[in-house]
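Chemist: In order, the protein sequences belong to chains A and B. When the first sequence is numbered by our numbering, its final residue is 490 and no position is left out of the sequence of numbers. When the second sequence is numbered by our numbering, its final residue is 934 and no position is left out of the sequence of numbers.
The reader is advised that the hints may include incorrect statements.
[Said to hold, decoys possible] Okay, derived cross-link-like pairs now, DSSO-like style, lysine-lysine, Cα gap no bigger than 27 Å in a straight line: (1) A:K56 <-> A:K175; (2) B:K536 <-> A:K386; (3) B:K818 <-> A:K434.
[As the list claims (entries may be wrong)] Just the calculated beta-carbon pair ranges, DEER-fashion: (4) B:Y831 <-> A:D254: 56 to 66 Å; (5) B:I499 <-> A:L483: 55 to 65 Å; (6) A:E46 <-> B:R538: 47 to 57 Å; (7) B:Y831 <-> A:M471: 53 to 63 Å; (8) A:E77 <-> B:D885: 22 to 32 Å; (9) A:Y397 <-> B:A924: 53 to 63 Å; (10) A:P183 <-> B:Y831: 54 to 64 Å.
[As the list claims (entries may be wrong)] Residues from chain A shown here face chain B by an in silico Cβ test under 10 Å; the list is partial: (11) L359; (12) S373; (13) S380; (14) T398; (15) I417; (16) D422; (17) I435.
These aren't lab readings, by the way, just hints derived from the structure by calculation. On a predicted model such as this, the values are computed, not experimentally measured, just so you know. Yeah, the Cβ is synthetic: ideal placement off N, Cα and C, and Gly gets one too.
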Amino acid sequence: MSENLNDNNKKKADEQDFLRQAADEEYQYGFVTDIDTHVIPKGLNEDVVRQISRLKGEPEWLLDFRLKAFRHWLTLEQPAWGHVNLAPIDYQDISYYAAPRQNNPAGKEIDPEMKRTFDKLGIPLEEQMRLSGMAVDAIMDSVSVRTTYRERLAELGVIFCSISEAVKDYPDLVKRYLGSVVPYTDNFFAALNSAVFSDGSFVYIPKGVRCPMELSSYFRINAAQTGQFERTLIVADDDSYVSYLEGCTAPQRDENQLHAAIVEIVVETRAEVKYSTVQNWYPGDKMGRGGIYNLVTKRGLCRGDHSKLSWTQVETGSAITWKYPSCVLKGDYSTGEFYSVALTRNRQMADTGTKMIHLGHHTSSTIVSKGISAGESENSYRGMVKVVQKAHHCRNYTQCDSLLLSPTSGAHTFPVIEVHNDTSVVEHEATTSKINEDQIFYCNQRGISTEDAVGLIVNGYAKDVMSKLPMEFAVEAQKLLSLSLEGAVG
Amino acid sequence: MENSLTQYIELYREQRQAIEAAAPAALNALRGKALGVLETARLPRKGREDYEATDLNAIFAPDYGVNVNRVNLARNFTPAFTCDLPNLGTTPIYVVGDTIVVPDNRPDDGAIVATFAQARQLCPDVLNRYYGAVARLDDAATALNTLLAQDGLLVYVPRGVKARPLQLINLFNAGAPTMAVRRVLIVAEEQARLQLLACDHTPNTTQRYLSSQVVEIVAGKGATIDYYDMEESTPLTSRVASFYLTQEADSNVLVDAITLDCGTTRNDFYLDVAGERAESHLLGMAIAGAGQHIDNHTFIDHRAPRCTSREMFKYILADNAIGAFAGKILVRPGCPGTDAYQGNRNLVTSDTARMYTKPQLEIYTDDVKCAHGSTIGQLDEDALFYMRSRGISFDTARTLLMQAFMADVIDGVRIDSLKDRLHHLVERRLAGEAATCDNCPIHR
Numbered sequence: 001m002s003e004n005l006n007d008n009n010k011k012k013a014d015e016q017d018f019l020r021q022a023a024d025e026e027y028q029y030g031f032v033t034d035i036d037t038h039v040i041p042k043g044l045n046e047d048v049v050r051q052i053s054r055l056k057g058e059p060e061w062l063l064d065f066r067l068k069a070f071r072h073w074l075t076l077e078q079p080a081w082g083h084v085n086l087a088p089i090d091y092q093d094i095s096y097y098a099a100p101r102q103n104n105p106a107g108k109e110i111d112p113e114m115k116r117t118f119d120k121l122g123i124p125l126e127e128q129m130r131l132s133g134m135a136v137d138a139i140m141d142s143v144s145v146r147t148t149y150r151e152r153l154a155e156l157g158v159i160f161c162s163i164s165e166a167v168k169d170y171p172d173l174v175k176r177y178l179g180s181v182v183p184y185t186d187n188f189f190a191a192l193n194s195a196v197f198s199d200g201s202f203v204y205i206p207k208g209v210r211c212p213m214e215l216s217s218y219f220r221i222n223a224a225q226t227g228q229f230e231r232t233l234i235v236a237d238d239d240s241y242v243s244y245l246e247g248c249t250a251p252q253r254d255e256n257q258l259h260a261a262i263v264e265i266v267v268e269t270r271a272e273v274k275y276s277t278v279q280n281w282y283p284g285d286k287m288g289r290g291g292i293y294n295l296v297t298k299r300g301l302c303r304g305d306h307s308k309l310s311w312t313q314v315e316t317g318s319a320i321t322w323k324y325p326s327c328v329l330k331g332d333y334s335t336g337e338f339y340s341v342a343l344t345r346n347r348q349m350a351d352t353g354t355k356m357i358h359l360g361h362h363t364s365s366t367i368v369s370k371g372i373s374a375g376e377s378e379n380s381y382r383g384m385v386k387v388v389q390k391a392h393h394c395r396n397y398t399q400c401d402s403l404l405l406s407p408t409s410g411a412h413t414f415p416v417i418e419v420h421n422d423t424s425v426v427e428h429e430a431t432t433s434k435i436n437e438d439q440i441f442y443c444n445q446r447g448i449s450t451e452d453a454v455g456l457i458v459n460g461y462a463k464d465v466m467s468k469l470p471m472e473f474a475v476e477a478q479k480l481l482s483l484s485l486e487g488a489v490g
Numbered sequence: 491m492e493n494s495l496t497q498y499i500e501l502y503r504e505q506r507q508a509i510e511a512a513a514p515a516a517l518n519a520l521r522g523k524a525l526g527v528l529e530t531a532r533l534p535r536k537g538r539e540d541y542e543a544t545d546l547n548a549i550f551a552p553d554y555g556v557n558v559n560r561v562n563l564a565r566n567f568t569p570a571f572t573c574d575l576p577n578l579g580t581t582p583i584y585v586v587g588d589t590i591v592v593p594d595n596r597p598d599d600g601a602i603v604a605t606f607a608q609a610r611q612l613c614p615d616v617l618n619r620y621y622g623a624v625a626r627l628d629d630a631a632t633a634l635n636t637l638l639a640q641d642g643l644l645v646y647v648p649r650g651v652k653a654r655p656l657q658l659i660n661l662f663n664a665g666a667p668t669m670a671v672r673r674v675l676i677v678a679e680e681q682a683r684l685q686l687l688a689c690d691h692t693p694n695t696t697q698r699y700l701s702s703q704v705v706e707i708v709a710g711k712g713a714t715i716d717y718y719d720m721e722e723s724t725p726l727t728s729r730v731a732s733f734y735l736t737q738e739a740d741s742n743v744l745v746d747a748i749t750l751d752c753g754t755t756r757n758d759f760y761l762d763v764a765g766e767r768a769e770s771h772l773l774g775m776a777i778a779g780a781g782q783h784i785d786n787h788t789f790i791d792h793r794a795p796r797c798t799s800r801e802m803f804k805y806i807l808a809d810n811a812i813g814a815f816a817g818k819i820l821v822r823p824g825c826p827g828t829d830a831y832q833g834n835r836n837l838v839t840s841d842t843a844r845m846y847t848k849p850q851l852e853i854y855t856d857d858v859k860c861a862h863g864s865t866i867g868q869l870d871e872d873a874l875f876y877m878r879s880r881g882i883s884f885d886t887a888r889t890l891l892m893q894a895f896m897a898d899v900i901d902g903v904r905i906d907s908l909k910d911r912l913h914h915l916v917e918r919r920l921a922g923e924a925a926t927c928d929n930c931p932i933h934r
């Protein structure tokens, strides 16, 4: 009996040990690049909006769009319905544009300092160094640093560039699709983004083209006291296919930085878009100081029949995450998917989920959401599935599971389901539980430490989602998950 | 639309003396607070959080008569009523409009069953201590009920007493549009037992009625309570009912909400699971057809360790019926061993019916087992085909499958004869007949 007790105590002590270890675990992307950056003064007014537009050399129509959005934003209030503790943000205390000055005398090569930064992040900007053949659009603060493989993609007619370039080179396309899925009137942060958005990626896949490589953007916040407002627009024309990846990191700072992005996706007839995110913004320290406020509007419109849009996200970063990648299933027989793993630790707060709006008949959607809460974090799934009356024979399956790794963490599920006809079937299932002690015991018994066991169990738990990620990303995401889990077990 | 509360606040201000004269002090004591709430609060409108489908403001908007002067609405009602539920030996209590008739020939089983007015003499302490203690006054509908309530039914089961089953029959029979302010307070002390069957009927099918109900239930240590609430009313009847339950350690409570026929109904269930190892069962079932609107909102608040809650609501919607379900399970910090399940299954059988559902979990303790499941769908076509291939007509097959769908909610009933009766009533309801018992004098 007493041996048993000793064992238990030892086990407890072991657990405590790596808890401490991991608490000391640093955010490995928390460095700052020492690079000369052009930052416009803090504050937000019409002049700032005009200045951003001028700095980017934008046409008149885009400035109009920004101004309209800005005027609309002034009429709105910051929403408070999320299950997060979002302190009021002083929008006048943020600089809305920061451009790293590239020190490249030859005019062709990118700044060595910048290259070092991205190398350190594991994003090589030199094409020849890239083995996996993935095209990257690297964005630091408000500007796109470099987009690789553009020429090779252009041969197929695929446009992959920063949105600022797209505005200049393909104004018709941008004009046609910008704001068509997420209008600036959509919500508070969408209006703000529409007014001050800086850079982001633009992708256009022409009819019948299957994009031969993964496209990817890498977002990096570097400058202090700035916000990042990127805007991504992806258009997949009839019968095309593209897989798009997004990654992000930020330096470790005591202040909170705002990241309010918009991602718009248009999927035409029989086209397919796969959008994967590994979100690893700086989450703040263990006392909850600093970290990124990640307040993002992501939405895709499956406009054509038989179109398909798939969102996959692995969320481990950000002090506050507030985002709902959604699918508007307008085309008949279109399909929407959402696979998410959200891990929160320390004092992180995540309120994330999706919306599946079924407008076309025979549309189907699948939602798989896995939440993992550790430390004193709050992790919520919030989702909506709506089937309108004329959308017959729709199908939705939703599964959202939550795993609690500490007695002080919270896991919540807020789904809304609306069905307005008698031929659609909607299912929702959710479970919340602690990590299975029998499984940990089983692993311990076979010589696997509790920490490794938790890593194994969580990775197994998240496998449904991880398996949807492209290969290279899946490995990365798995590592990230294990890393974030270290010491999260209490 | 205007704020519907205004007319009630005005009514209270004008008739304050009349309202308070007839009511026990415990009721009058809370009116000031209720008025304070109502002066700033609004009745939720459609689209508000937890009111996606139901507009409370519109429900309270029509000009209903309120029986301020305590006219005896039961005077034309012959209490020769006997419910033919076998082997129950229940004592029926009627509430006609808001006039309560408690028979004086109730066998003495140690429990006190009385109107609030009678309770002033019989057990004033119980009324003073528990009236309004469980209900949430910040809820506008509850505050309105508290502002206007003049009487109610008290069921007090002292320590260790096993009360005989009770039947509470709520009726609307007035010749003019009426709002009834109904109030029930149930206090079951340590190890006490109680079974109560409440049913709402509207024998007069030509008038508009509104029933504002607040039920407060206190389950003491180890108490066992069954509360069955059945609504069988008319499309002209509106009902806004709030159930508040607080449970002490080791208590076991079943609340069963059955809606067989309704007009516009909004039911709120607040379960406060406050004592260790308490067990709560919340069952619900709704069958709604043309012009019917049923909205159940539940909130189970787990604030003690090792408690179990089981919740299941099932709906069958036909024609242009609107069904809504919003359920929340909250597990507060420091409640290890909580085992909670919430289920909501819905059958939508017509193109114009609408179902809104919002099952929620909010969990702040890690050592718990919580789950919820929600589905909206249709009858299994394979099962239908199988039955038809065996010579069962389409309609019969459909009815059989719908009955089977509801069976597990009915099987949760803990009184056998009531279970059988419910199977029978659901069968009739699904076959398109009135969901009434055969020999019920109310429906003659």
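Chemist: All hints are to be evaluated individually against the structure, with a verdict given for each.
Modeler: To see whether the hints hold, each was checked on the structure:
no., hint, result
1, A:K56 <-> A:K175, "holds, 16 Å"
2, B:K536 <-> A:K386, "holds, 17 Å"
3, B:K818 <-> A:K434, "holds, 20 Å"
4, B:Y831 <-> A:D254: 56 to 66 Å, "violated, 44 Å"
5, B:I499 <-> A:L483: 55 to 65 Å, "holds, 60 Å"
6, A:E46 <-> B:R538: 47 to 57 Å, "violated, 35 Å"
7, B:Y831 <-> A:M471: 53 to 63 Å, "violated, 38 Å"
8, A:E77 <-> B:D885: 22 to 32 Å, "violated, 54 Å"
9, A:Y397 <-> B:A924: 53 to 63 Å, "violated, 38 Å"
10, A:P183 <-> B:Y831: 54 to 64 Å, "violated, 41 Å"
11, L359, "violated, 16 Å"
12, S373, "holds, 8 Å"
13, S380, "holds, 8 Å"
14, T398, "holds, 9 Å"
15, I417, "holds, 5 Å"
16, D422, "holds, 5 Å"
17, I435, "holds, 8 Å"
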